[in-house]
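Peer 1: The chain contents come next:
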Amino acid sequence: MDNSEFHYYITFDTYEEAMAMHDDLDKSLINNKISPAPLDLVEGVCCGVSLMIEPEDKEKIEKYLNETSFKYLRFVKAERTFKPKRDRYC
Amino acid sequence: MIYLDNGATTLYKPDSVIDAVVNAMRTQGNASRGAHGATLSASRTVYDARVKIAKLFNFDTPSNVIFTCNSTEALNIAINGVIKSGDRVVSTDTEHNSVLRPLYHLQKVKNIDLQFVKADNSGLLNISDFEKLIDDKTKVVVVNHISNLTGNVNDIKRISEIVHNKNAILIVDGSQSAGTRNVDVKELGIDIYCFTGHKGLYGPQGTGGLLVKDGIEIDAWKRGGSGVKTYEEEQPHEYPTRLEAGTLNSHGIAGLSAAIDFLNETGVDNIEKKELELTKYFYNEVTKIDGIKVYGDFSWAGVDTPLGHAAIVSLNVKDYDSGEVSDALSNDFGIATRPGAHCAPRLHIALGTKHQGAVRFSFSYFTTYEELDAAINALKEIAS
Numbered sequence: 012m013d014n015s016e017f018h019y020y021i022t023f024d025t026y027e028e029a030m031a032m033h034d035d036l037d038k039s040l041i042n043n044k045i046s047p048a049p050l051d052l053v054e055g056v057c058c059g060v061s062l063m064i065e066p067e068d069k070e071k072i073e074k075y076l077n078e079t080s081f082k083y084l085r086f087v088k089a090e091r092t093f094k095p096k097r098d099r100y101c
Numbered sequence: 011m012i013y014l015d016n017g018a019t020t021l022y023k024p025d026s027v028i029d030a031v032v033n034a035m036r037t038q039g040n041a042s043r044g045a046h047g048a049t050l051s052a053s054r055t056v057y058d059a060r061v062k063i064a065k066l067f068n069f070d071t072p073s074n075v076i077f078t079c080n081s082t083e084a085l086n087i088a089i090n091g092v093i094k095s096g097d098r099v100v101s102t103d104t105e106h107n108s109v110l111r112p113l114y115h116l117q118k119v120k121n122i123d124l125q126f127v128k129a130d131n132s133g134l135l136n137i138s139d140f141e142k143l144i145d146d147k148t149k150v151v152v153v154n155h156i157s158n159l160t161g162n163v164n165d166i167k168r169i170s171e172i173v174h175n176k177n178a179i180l181i182v183d184g185s186q187s188a189g190t191r192n193v194d195v196k197e198l199g200i201d202i203y204c205f206t207g208h209k210g211l212y213g214p215q216g217t218g219g220l221l222v223k224d225g226i227e228i229d230a231w232k233r234g235g236s237g238v239k240t241y242e243e244e245q246p247h248e249y250p251t252r253l254e255a256g257t258l259n260s261h262g263i264a265g266l267s268a269a270i271d272f273l274n275e276t277g278v279d280n281i282e283k284k285e286l287e288l289t290k291y292f293y294n295e296v297t298k299i300d301g302i303k304v305y306g307d308f309s310w311a312g313v314d315t316p317l318g319h320a321a322i323v324s325l326n327v328k329d330y331d332s333g334e335v336s337d338a339l340s341n342d343f344g345i346a347t348r349p350g351a352h353c354a355p356r357l358h359i360a361l362g363t364k365h366q367g368a369v370r371f372s373f374s375y376f377t378t379y380e381e382l383d384a385a386i387n388a389l390k391e392i393a394s
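First to last, the sequence lines map onto chains A and B. For the first sequence, the working numbering begins at 12 and goes up steadily by one. For the second sequence, the working numbering begins at 11 and goes up steadily by one.
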């Protein structure tokens, strides 16, 4: 579990678009994780999964999104609303 | 039992298909509903299956591979979702009821102008009849790739050229062609290809789908949970979600995915070649028996033709009822065949077999020559 205060998320219209980009990012050795979409940020309009990106990979992902033709909805920053380990380890 | 009813369902499936279904039932959650391990396992299976199916049919857009429970459902979705009130629609005498009944229904409720290309007494369609019937007003043409009764193969590429010259949409019933031959939807010019998983693809029953060419709009046919865009009141517009409300049969799709691996490892060309040889052998032997009449076009049996023929031979013995012959084959010889009308009423009328029906023998990649010899000998005995 990482301790980032925030993450970036790539959101999509469909699961298929998310899976297609996830596979391509994996092939390109760019860190990404399939994650539930942050509904509050995307107002419930996107597909239920997103790709979660670590803050340090932001520029790499932006370059990737500019250079490839994979469909996606938004690339958004989301603060964590809670820290899973906080109560146990802090 | 000697199983020669593969045109209905292929009975013998690769072990890998069965194992995949069992494994999926032990490990898969609900596809496209969250991001925990079990749901991702199901989502991965479904996504990989879409990609494999697209590749198998040389189709560019995996997200436009829509899963259904069989080709009847796929055809109903396509036919009801594309055809509008008053449209002119052309189909053929060789269609299965999975095409005919939805079209007859639309004739009643949407007043469509429904025209049929006639079949001759070999079950063949004349291409020039398509040219005559498909006019500037025609919106949709629905035709099977291969007849489930005769095994005749329609020249989809030529039909597609005629359809597209008139800017109409071509829906193809691929129930008998998927997996039994290489189907290249781009090369053939198919707009919507409907298939089932449980026949030539060697997958489980309850699987199937349709491939929808980019730009072809099919209305949503059911509405409900999608795991996406929850707060929108309408079914999401994007394919495949538009046509896939509710939980998918990801257990069956896992089996279908494994079945496609089997097809790729075996080679669809090899399957087609073997099935054609089996069919040719059976046809040549049964036509030596007095009192046997075979239906369909077998002019290819002596020479190779570009279109080939499916692994189907339908026949009658003298004037015996087809049901009685099939029953005798089952009870006395342990041979499974399909008698009756085969859900193909217009074609039986064209063949002159409305009252007698026909006994359909249909083979698979797993059929052996020993099984064919047993069936040939049984027919000799029945006809004697």
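Don't read these hints as lab results, they were simulated from the structure. Treat each hint with caution, since some may be false.
[Said to hold, decoys possible] Straight-line distance between alpha carbons at most 27 Å, and here's what the computed BS3-like set of lysine-lysine pairs gives:
no., chain 1, residue 1, chain 2, residue 2
1, A, Lys44, A, Lys88
2, B, Lys62, A, Lys82
3, B, Lys284, B, Lys232
4, A, Lys44, B, Lys65
5, B, Lys142, B, Lys196
6, B, Lys223, A, Lys82
7, B, Lys62, B, Lys284
8, B, Lys290, B, Lys176
9, A, Lys38, B, Lys176
10, B, Lys118, B, Lys62
11, A, Lys82, B, Lys149
12, A, Lys38, B, Lys149
13, B, Lys298, B, Lys390
14, B, Lys94, B, Lys120
15, B, Lys142, B, Lys223
16, A, Lys82, B, Lys196
17, A, Lys38, A, Lys71
18, B, Lys65, A, Lys82
19, B, Lys364, B, Lys303
20, B, Lys94, B, Lys128
21, A, Lys38, A, Lys74
22, B, Lys62, A, Lys44
[To be verified] If you anchor each label on the Cβ, the simulated ranges turn out as follows:
no., chain 1, residue 1, chain 2, residue 2, range
23, A, Lys82, B, Asn121, 24 to 32 Å
24, A, Glu73, B, His247, 22 to 30 Å
25, A, Lys69, B, Gln117, 54 to 62 Å
26, A, Glu90, B, Tyr114, 34 to 42 Å
[To be verified] Here's a subset of chain B near chain A, in silico, CB distances under 8 Å, partners left out:
no., residue
27, Met11
28, Gly39
29, Ala48
30, Ser51
31, Ser53
32, Tyr57
33, Arg60
34, Ser73
35, Glu248
We put the beta carbon where it would ideally sit given N, CA and C, even for glycine.
Peer 1: May I ask which of the numbered hints given earlier this structure violates, with the numbers listed in increasing order?
Peer 2: 3, 8, 9, 10, 11, 12, 23, 26, 27, 28, 29 and 30
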